[in-house]
Amino acid sequence: MVDITPHADNTVPAAEVADVELYHPKSWWTTYVFSQDAKVIAIQYSGTAIAIGMVALVLSWLMRLQLGFPGTFDFITPEAYYQFITMHGMIMVIYLLTALFLGGFGNYLIPLMVGARDMVFPYANMLSYWIYLLAVLVLVVSFFAPGGPTGAGWTLYPPQAILSGTPGGQAWGIILMLVSLILFIIGFTMGGLNYVVTVLQGRARGMTLMRMPLTVWGIFTATVMALLAFPALFVACVMMLFDRLLGTSFFMPALVELGQQLEYGGGSPILFQHLFWFFGHPEVYIVALPAFGIVSDLISTHARKNIFGYRMMVWAIVIIGALSFVVWAHHMYVSGMHPWFGFFFATTTLIIAVPTALKVYNWVLTLWRGDIHLTLPMLFALAFIVTFVNGGLTGLFLGNVVVDVPLSDTMFVVAHFHMVMGVAPILVIFGAIYHWYPKITGRMLNEAMGQFHFWVTFLGAYAIFFPMHYVGLVGVPRRYPDISGTAFIPESVHTLNAFITIAALVVGFAQLVFLFNLFWSLKFGRDAGGNPWRATSLEWQTPTTPPPHGNWGDTLPVVYRWAYDYSVPGAPEDFIAQNDPGPRTAQAAGPA
Amino acid sequence: MSVILVFLLVVLGVAGWWLSHQRLMSKPWLEQGVPAAFPDTDVTGMPTAKIALGIFLAVVGALFALFASAYFMRMDYADWQATPLPSVLWLNTAILVMASIALQIAVAASRQGHGTTVRLALVTAALTTVAFLAGQLMAWRDLTADGYLLDGNPASSFFYLITGMHGLHIVAGIVGLARVSARSMRGSNDENTRLGIELCAMYWHFLLLIWLGVFVLLAGWANDFIAVCRQFLI
Ligand code: HEM
Ligand SMILES: [Cu+2]
Numbered sequence: 001m002v003d004i005t006p007h008a009d010n011t012v013p014a015a016e017v018a019d020v021e022l023y024h025p026k027s028w029w030t031t032y033v034f035s036q037d038a039k040v041i042a043i044q045y046s047g048t049a050i051a052i053g054m055v056a057l058v059l060s061w062l063m064r065l066q067l068g069f070p071g072t073f074d075f076i077t078p079e080a081y082y083q084f085i086t087m088h089g090m091i092m093v094i095y096l097l098t099a100l101f102l103g104g105f106g107n108y109l110i111p112l113m114v115g116a117r118d119m120v121f122p123y124a125n126m127l128s129y130w131i132y133l134l135a136v137l138v139l140v141v142s143f144f145a146p147g148g149p150t151g152a153g154w155t156l157y158p159p160q161a162i163l164s165g166t167p168g169g170q171a172w173g174i175i176l177m178l179v180s181l182i183l184f185i186i187g188f189t190m191g192g193l194n195y196v197v198t199v200l201q202g203r204a205r206g207m208t209l210m211r212m213p214l215t216v217w218g219i220f221t222a223t224v225m226a227l228l229a230f231p232a233l234f235v236a237c238v239m240m241l242f243d244r245l246l247g248t249s250f251f252m253p254a255l256v257e258l259g260q261q262l263e264y265g266g267g268s269p270i271l272f273q274h275l276f277w278f279f280g281h282p283e284v285y286i287v288a289l290p291a292f293g294i295v296s297d298l299i300s301t302h303a304r305k306n307i308f309g310y311r312m313m314v315w316a317i318v319i320i321g322a323l324s325f326v327v328w329a330h331h332m333y334v335s336g337m338h339p340w341f342g343f344f345f346a347t348t349t350l351i352i353a354v355p356t357a358l359k360v361y362n363w364v365l366t367l368w369r370g371d372i373h374l375t376l377p378m379l380f381a382l383a384f385i386v387t388f389v390n391g392g393l394t395g396l397f398l399g400n401v402v403v404d405v406p407l408s409d410t411m412f413v414v415a416h417f418h419m420v421m422g423v424a425p426i427l428v429i430f431g432a433i434y435h436w437y438p439k440i441t442g443r444m445l446n447e448a449m450g451q452f453h454f455w456v457t458f459l460g461a462y463a464i465f466f467p468m469h470y471v472g473l474v475g476v477p478r479r480y481p482d483i484s485g486t487a488f489i490p491e492s493v494h495t496l497n498a499f500i501t502i503a504a505l506v507v508g509f510a511q512l513v514f515l516f517n518l519f520w521s522l523k524f525g526r527d528a529g530g531n532p533w534r535a536t537s538l539e540w541q542t543p544t545t546p547p548p549h550g551n552w553g554d555t556l557p558v559v560y561r562w563a564y565d566y567s568v569p570g571a572p573e574d575f576i577a578q579n580d581p582g583p584r585t586a587q588a589a590g591p592a
Numbered sequence: 001m002s003v004i005l006v007f008l009l010v011v012l013g014v015a016g017w018w019l020s021h022q023r024l025m026s027k028p029w030l031e032q033g034v035p036a037a038f039p040d041t042d043v044t045g046m047p048t049a050k051i052a053l054g055i056f057l058a059v060v061g062a063l064f065a066l067f068a069s070a071y072f073m074r075m076d077y078a079d080w081q082a083t084p085l086p087s088v089l090w091l092n093t094a095i096l097v098m099a100s101i102a103l104q105i106a107v108a109a110s111r112q113g114h115g116t117t118v119r120l121a122l123v124t125a126a127l128t129t130v131a132f133l134a135g136q137l138m139a140w141r142d143l144t145a146d147g148y149l150l151d152g153n154p155a156s157s158f159f160y161l162i163t164g165m166h167g168l169h170i171v172a173g174i175v176g177l178a179r180v181s182a183r184s185m186r187g188s189n190d191e192n193t194r195l196g197i198e199l200c201a202m203y204w205h206f207l208l209l210i211w212l213g214v215f216v217l218l219a220g221w222a223n224d225f226i227a228v229c230r231q232f233l234i
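Chains A and B are the protein sequences, given in the same order.
Note that full-length UniProt numbering has the first sequence beginning at 1, numbered continuously upward.
Note that full-length UniProt numbering has the second sequence beginning at 1, numbered continuously upward.
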């Protein structure tokens with residue numbers, strides 16, 4: 001603790017931090033490739049994540065083509081279909097969303113938003129990215145390995161994951177998948193330590209925890225969760241690798257395959273499920289919490305209003321983070337577990353809905369009588385709220401054992417999780433990119449292309465996933481490449497499936513427009529200036545845009561207020577920056 | 001999953017204690033100006049590297065807690081047959097304790113600036129740690145010789161897996177120790193070197209703790225206790 005004596009004019013000297021040689025990079029290589037600047041690392045992370053995400057998007061088209069028009073595409077065999085869903089799911093959840101939110105936005109925003117010059121361990125941060133890239137490359141290699149990628153489903157359940165009946169099970173696919181995940185976890189741990197410690201130790205003078213923007217709170221809490229949850233996936237992967245390569249029987253029961261008794265015996269597939277979902281459920285919130293945080297900031301900024309219930313928002317983030325470690329078995333209602341456990345996990349699952357609903361109310365109350373600017377970030381934020389509520393409600397259905405049992409493994413589940421953890425976080429990512437792109441590049445993204453992208457994506461996502469709920473309710477199972485010969489499925493499902501496929505292709509096309517916009521605006525975008533949204537938080541107050549390595553020029557910022565001073569009565573402008581020492585209200589300034 | 005849940009409860013306790021000192025009840029919308037006594041950039045006054053190591057050790061702790069959870073869950077299945085404990089493990093434990101003590105001595109000596117003692121202690125720590133690893137390999141050899149193979153009973157699979165994972169963490173520690181020792185051998189005893197030695201000591205103490213846990217686990221002494229816990233937890 002230090003006691004700070006303010007100057008006579010009520011300002012405070014900035015904290016003194018020794019100059020770091022690193023901030024003056026020498027060569028092209030250390031500036032753009034092996035950079036230790038968190039902002040460059042953020043862009044590398046995001047670029048890689050989006051690139052591999054495009055692969056997952058293309059895979060979703062192929063799956064949809066198969067589902068919509070079964071029998072038309074010869075090259076989509078059932079095996080190929082399994083490989084597509086597996087790779088699509090795994091890439092979307094881990095390599096796209098997790099990497100983009102934490103590695104991308106975390107790296108870019110944490111140092112800037114808390115007023116630091118960089119992450120606390122820049123070298124480990126750089127290493128984190130290169131290991132992530134290696135993990136992605138291993139994953140890509142598995143597409144070309146003999147036997148192709150694994151087709152075990154993104155949950156990789158044993159025993160089927162390593163049996164010969166599953167694509168890649170007795171070939172390279174599953175091995176490369178597990179190795180890639182292990183690499184990802186190692187790389188993430190290096191980055192994650194950085195994000196957490198930077199928030200703890202790197203904050204500028206005056207930036208108390210309770211003055212941090214909710215974006216930082218969301219990313220911070222999600223990172224802590226990820227650090228504690230990923231080890232479960234790590235353990236599961238290592239043990240499965242042992243089963244596959246070294247002949248142990250951690251997960252593998254005694255099996256007869258094609259009339260042959262396998263060497264395995266006695267192992268427990270349920271053990272794997274516990275480990276997997278002990279990671280898997282927190283993972284949902286690892287992508288949701290950063291989205292929650294970002295959306296809070298987008299709404300507040302673009303409605304020119306302080307966030308409603310800031311304290312509650314912080315507490316809710318922390319409580320959700322803690323609770324999400326005790327709900328994992330709601331993914332295992334049909335695994336034959338003791339009914340009491342089902343009861344316990346259904347209860348905890350429903351309890352999480354309370355802080356989550358609280359956040360939704362607070363967003364809506366922030367909008368209430370706000371000066372809503374329907375900018376692109378705001379549109380995406382609004383779309384997020386709608387979509388998230390939608391997906392959350394079906395989550396309440398599935399959280400109850402009796403409702404879940406018949407719906408388990410149907411397209412209803414697919415519709416639910418795409419709404420809540422597919423579409424909703426992706427909408428936030430888009431909103432965030434439209435919001436921060438001007439800071440990253442100094443230029444605005446093209447508005448017309450953005451509007452097109454927004455409406456097609458938002459309405460299109462509903463066209464894809466809303467009907468899917470009905471498809472699931474009539475009993476269409478998930479992970480089936482072809483249901484056309486099935487008697488109990490009505491003709492209307494086939495029509496609907498074709499419709500969904502067309503919608504998916506259109507939505508996919510809109511993403512190409514978005515990608516084009518990212519490059520086009522780099523050169524032709526409108527000049528943005530330093531603070532185009534007239535926002536309060538520190539990243540908008542950098543002396544130059546885009547900020548150079550070291551972020552702040554000669555002196556670090558000093559923080560005098562929270563991040564949500566919008567439309568303060570009596571203030572000269574409708575926002576007061578966090579580092580603005582001036583009087584907050586007319587009353588505080590005293591009578592003139 | 002009882003072990004990991006208990007572990008997380010401890011982490012939650014620490015996090016909650018820390019959060020409760022962060023003015024979570026403050027009303028930031030009423031504040032302006034810099035709080036009078038505010039923790040400065042170096043927020044806790046503790047070295048950043050130490051905090052980072054602390055958090056990293058929590059991650060390592062979670063990892064081993066999960067292995068222990070898996071161990072207990074797998075143990076419930078009918079084919080489980082406990083692996084006998086190679087007696088060399090007792091010796092290994094004593095050796096690892098010695099390494100920890102040596103590092104603690106190095107910490108104390110570096111604070112007082114006794115260069116020779118520091119170097120002696122660091123070398124002792126390195127040698128004892130290498131001896132520990134060699135001892136672990138011997139334990140593996142003994143087990144293999146007695147027919148307890150990696151792909152045999154799950155109890156022995158877990159034995160190799162968990163001791164191996166612990167050994168890997170020790171190897172990583174040796175890399176760090178080597179770097180600090182090199183600095184110390186060059187006669188440096190500046191703040192950085194001292195911090196490095198402290199970090200090594202912290203890491204070694206923690207891995208010793210983990211090892212004791214692993215030992216108890218493999219010896220089966222915790223089985224009854226866990227059986228009781230499982231009445232309440234999963
Ligand atoms: C254009 C957008 C998308 C489309 C059209 C789409 C389509 C699909 C389809 C058709 C399936 C397979 C259903 C089945 O037969 O079981 C699937 C599975 C899945 N998708 Fe998506 N998806 C999209 C975006 C996303 C996103 C953003 C995520 C991120 C969370 C995601 C995560 C998953 C997961 C985890 C699975 C399950 C894979 C498995 O069953 O192993 N998807 N998706
Ligand atoms: Cu869940």
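None of these hints come from the bench; they were simulated from the model.
It should be emphasised that the depicted structure is a prediction, and the values quoted were computed from it without experimental measurement.
Cβ coordinates follow ideal geometry from the N, Cα and C atoms, glycine included.
Careful: at least some of the hints might be erroneous.
[Said to hold, decoys possible] Residues from chain B that keep clear of chain A, each with C-beta distances beyond 12 Å, as calculated: (1) Leu9; (2) Val97; (3) Met202; (4) Asp224.
[Unchecked claim] From the structure, some residues in chain B lie toward chain A, with a derived Cβ separation under 10 Å: (5) Met1; (6) Leu19; (7) Trp29; (8) Met46; (9) Ala78; (10) Met98; (11) Ile101; (12) Gln104.
[Claimed, not checked] Computed footprint of chain A on chain B; a stretch qualifies when at least three of its residues, placed anywhere within it, have a C-beta under 8 Å from a C-beta of chain A: (13) 21 to 28; (14) 52 to 66; (15) 143 to 154.
Hints, verified against the model:
1. Leu9: Its Cβ does come within 12 Å of chain A, the nearest being 10 Å, so this is violated.
2. Val97: 26 Å, holds
3. Met202: 15 Å, holds
4. Asp224: 21 Å, holds
5. Met1: Hint holds; B:Met1 Cβ to chain A Cβ min 6 Å, cut 10 Å.
6. Leu19: Cβ of B:Leu19 sits 7 Å from chain A, so the hint holds.
7. Trp29: B:Trp29 check passes; min Cβ-Cβ to chain A is 6 Å, inside 10 Å.
8. Met46: 9 Å, holds
9. Ala78: It holds, given that the least Cβ distance between B:Ala78 and chain A is near 7 Å, below 10 Å.
10. Met98: 29 Å, violated
11. Ile101: 28 Å, violated
12. Gln104: 25 Å, violated
13. 21 to 28: Result for this restraint: holds, n = 7.
14. 52 to 66: holds (count 8)
15. 143 to 154: With 3 residues in contact (Cβ-Cβ under 8 Å with chain A), the coverage given for the stretch 143 to 154 of chain B holds.
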